[in-house]
Structures are given as structure tokens and as C-alpha cells.
Amino acid sequence: KLKENTDEMFDKISQYAKLELEGTLGELKCLEHMNRVTATKYSEMLSTAEGLKAFQLGLHKKYQELLPVFAEIDELETSVAEFERVTELLEAYSKRLDEKSLIVMKQRHNKLDRLQR
2 KLKENTDEMF
12 DKISQYAKLE
22 LEGTLGELKC
32 LEHMNRVTAT
42 KYSEMLSTAE
52 GLKAFQLGLH
62 KKYQELLPVF
72 AEIDELETSV
82 AEFERVTELL
92 EAYSKRLDEK
102 SLIVMKQRHN
112 KLDRLQR
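Residue 2 is where the sequence shown starts when you use our numbering, and the numbers rise one by one after that.
All the given hints hold, so there is nothing to weed out.
FRET-style restraints, in silico, Cβ to Cβ:
(1) 58 / 22: 51 to 61 Å
(2) 20 / 58: 52 to 62 Å
(3) 81 / 115: 47 to 57 Å
(4) 36 / 76: 54 to 64 Å
Straight-line Cα separation of at most 25 Å, BS3-like style, residue types lysine-lysine; simulated pairs:
(5) 42 / 30
(6) 42 / 54
(7) 19 / 4
(8) 112 / 101
(9) 96 / 107
(10) 2 / 13
(11) 30 / 19
Just so you know, these hints were derived from the structure itself, not from any lab.
Glycine is no exception: its CB is placed at the ideal position from the N, C-alpha and C atoms.
Using the sequences and the hints, build the whole thing.
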């Protein structure tokens, strides 16, 4: 009877150890799967980051190429502002000349009227 009980005890301990190992093996397989999924996600994130970096470098290059154009635009804007200022001065001068010419023409007209009378 002692041998039977001992055999049964060893069988149960063996089954318990086997179940524990199977549980641990299942957990390890789950961790392995999670690690693969995580590695895939990190690889995708790396690819996305590399794509964004390339896009950013392209934008920076285009910006650097456009800097001279921006400088020309600033110069043109300054020139246009100066041109507008000169145009306003010329318009004011032209208006004064028109007014003076009208005055001179009226004065001549008045003189002619007086001479004809």
C-alpha cells in the first residue's frame, strides 16, 4: 500500500509539475507572440518616422531653394511701396498743376475779355 500511495503521490506531483510547465509555456508563447507583434509595430513606426524625416528634409530643401525668391519678393514689395509713394506725389503735383493751369487760363480769358471790350 505504501508503494501505491508513493506512486500515486509521484504521479500527482508529476501531473502538477507538467501543468505548471504547460502554463508557463503558454505564457512564454503569449509573450513571444506579443514581442513579435511589438517588433512589427516598431518596424512600422520606424518606417513611418523615416518617411516623415525624408519628407521634412525635402520640405527644408525646397524652403532653402525658395529663400532667394522670398528675398526678391521683399525687394519688389519695397519697390512697389516706393513706387506708390512716388505715384501719390506725382498725382498731387499733377493736381496742383491742373489747378494752376485753370487759374492761368481763367486769367488769360479774363484779360482777353477786357481787351475785347
